[in-house]
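Trainee: Sequence:
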Amino acid sequence: MIIDFIIRLFVAAILGTIIGLEREYRAKEAGYRTHFLVSLGSALIMIVSQHGFSEILGQPGIGLDPSRIAAQVVTGIGFIGAGTIILNKQIVRGLTTAAGIWATSGIGLCIGAGMYTLGLSATALTLIGFELLSRIFKNFGLRSFFIEFSTSNKNMLNEIPAAFDKRDFIIVSYRMNEKNIGQECFYNISMVVKSKKREEESNIIAYLNSFEDITIHRME
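Just so you know, we're using our numbering here: the sequence shown kicks off at 429 and counts up by one.
The set of hints was computed from the structure by calculation and includes no laboratory data.
As the structure is a prediction and not an experimental result, all values here were calculated from the model.
Beta carbons: idealized from backbone N, C-alpha and C, even for Gly.
There may be inaccurate statements among the hints.
Below 25 Å or equal to it, Euclidean Cα-Cα: the simulated SDA-like pairs (lysine to any residue) are [as the list claims (entries may be wrong)]:
#  : residue 1 : residue 2
1  : LYS622    : ILE513
2  : LYS456    : GLY542
3  : LYS456    : LEU560
4  : LYS582    : ILE598
5  : LYS607    : ASN583
6  : LYS582    : MET604
7  : LYS594    : LEU560
8  : LYS594    : ILE513
9  : LYS456    : ASN583
10 : LYS622    : GLU648
Just the calculated beta-carbon pair ranges, DEER-fashion [unchecked claim]:
#  : residue 1 : residue 2 : range
11 : ILE435    : ASP593    : 27 to 35 Å
12 : GLN611    : ASN637    : 20 to 28 Å
13 : ASN637    : LEU555    : 33 to 41 Å
14 : GLU559    : LEU492    : 37 to 45 Å
15 : PHE507    : ASN586    : 27 to 35 Å
16 : SER601    : ARG454    : 24 to 32 Å
17 : LEU561    : ILE609    : 15 to 23 Å
18 : ASN616    : GLN500    : 42 to 50 Å
19 : GLU612    : ARG454    : 38 to 46 Å
20 : GLN487    : ILE442    : 51 to 59 Å
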């Protein structure tokens, strides 16, 4: 049994690492080490939940629910997932990675329970969800960009939003702060825009640079 348990831990760790490598390749918040530990820990908890109390079974007044400890993984993994989700300037990052961590914990539980085929199938489907679906549906959905720039030309406050509208961008939020430096007035603008084109970032920078009196501070 010990050898079988070690094999389960090893397989769970490998599958978690495979999923984590995909996240690492895309420079996401949680990489292969996080997914490795989540899958390994989930498998270990499942093994303990199923077999860790076998010595006391059969004693008077002792009962065992083999799913009780393992069930805590489902809720407990939410704390790790929540740590990868970032809300910044009305842009949510890390939801897919958080969902991947949650799925990885499920894969670890499967392998810990000895359900190798189900765990391998779930790993394949998770990778398909990360890679293949993003390629198939790359033209669906919108990508958000946060842009921060400044200008001393007051006319730009209306011209730039109007120009973005004409280029089929969706302006989610628009914020302007006015700052006086000496006798000159500067306007600091932060915008969140959405676009269907994934490779639009360089085009937005080039487009903003085509305006006079514009200084780009940040874009993400």
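Trainee: Hint by hint, note whether the structure agrees.
Mentor: Do the hints match the structure? See the list:
no.: 1; hint: LYS622 with ILE513; in the structure: holds, 19 Å
no.: 2; hint: LYS456 with GLY542; in the structure: violated, 30 Å
no.: 3; hint: LYS456 with LEU560; in the structure: holds, 17 Å
no.: 4; hint: LYS582 with ILE598; in the structure: holds, 22 Å
no.: 5; hint: LYS607 with ASN583; in the structure: holds, 16 Å
no.: 6; hint: LYS582 with MET604; in the structure: holds, 11 Å
no.: 7; hint: LYS594 with LEU560; in the structure: violated, 32 Å
no.: 8; hint: LYS594 with ILE513; in the structure: violated, 32 Å
no.: 9; hint: LYS456 with ASN583; in the structure: violated, 39 Å
no.: 10; hint: LYS622 with GLU648; in the structure: holds, 12 Å
no.: 11; hint: ILE435 with ASP593: 27 to 35 Å; in the structure: violated, 59 Å
no.: 12; hint: GLN611 with ASN637: 20 to 28 Å; in the structure: holds, 27 Å
no.: 13; hint: ASN637 with LEU555: 33 to 41 Å; in the structure: holds, 39 Å
no.: 14; hint: GLU559 with LEU492: 37 to 45 Å; in the structure: holds, 41 Å
no.: 15; hint: PHE507 with ASN586: 27 to 35 Å; in the structure: violated, 45 Å
no.: 16; hint: SER601 with ARG454: 24 to 32 Å; in the structure: holds, 26 Å
no.: 17; hint: LEU561 with ILE609: 15 to 23 Å; in the structure: violated, 49 Å
no.: 18; hint: ASN616 with GLN500: 42 to 50 Å; in the structure: holds, 47 Å
no.: 19; hint: GLU612 with ARG454: 38 to 46 Å; in the structure: holds, 43 Å
no.: 20; hint: GLN487 with ILE442: 51 to 59 Å; in the structure: violated, 38 Å
In this structure, the hints that do not hold are numbers 2, 7, 8, 9, 11, 15, 17, 20, in rising order.
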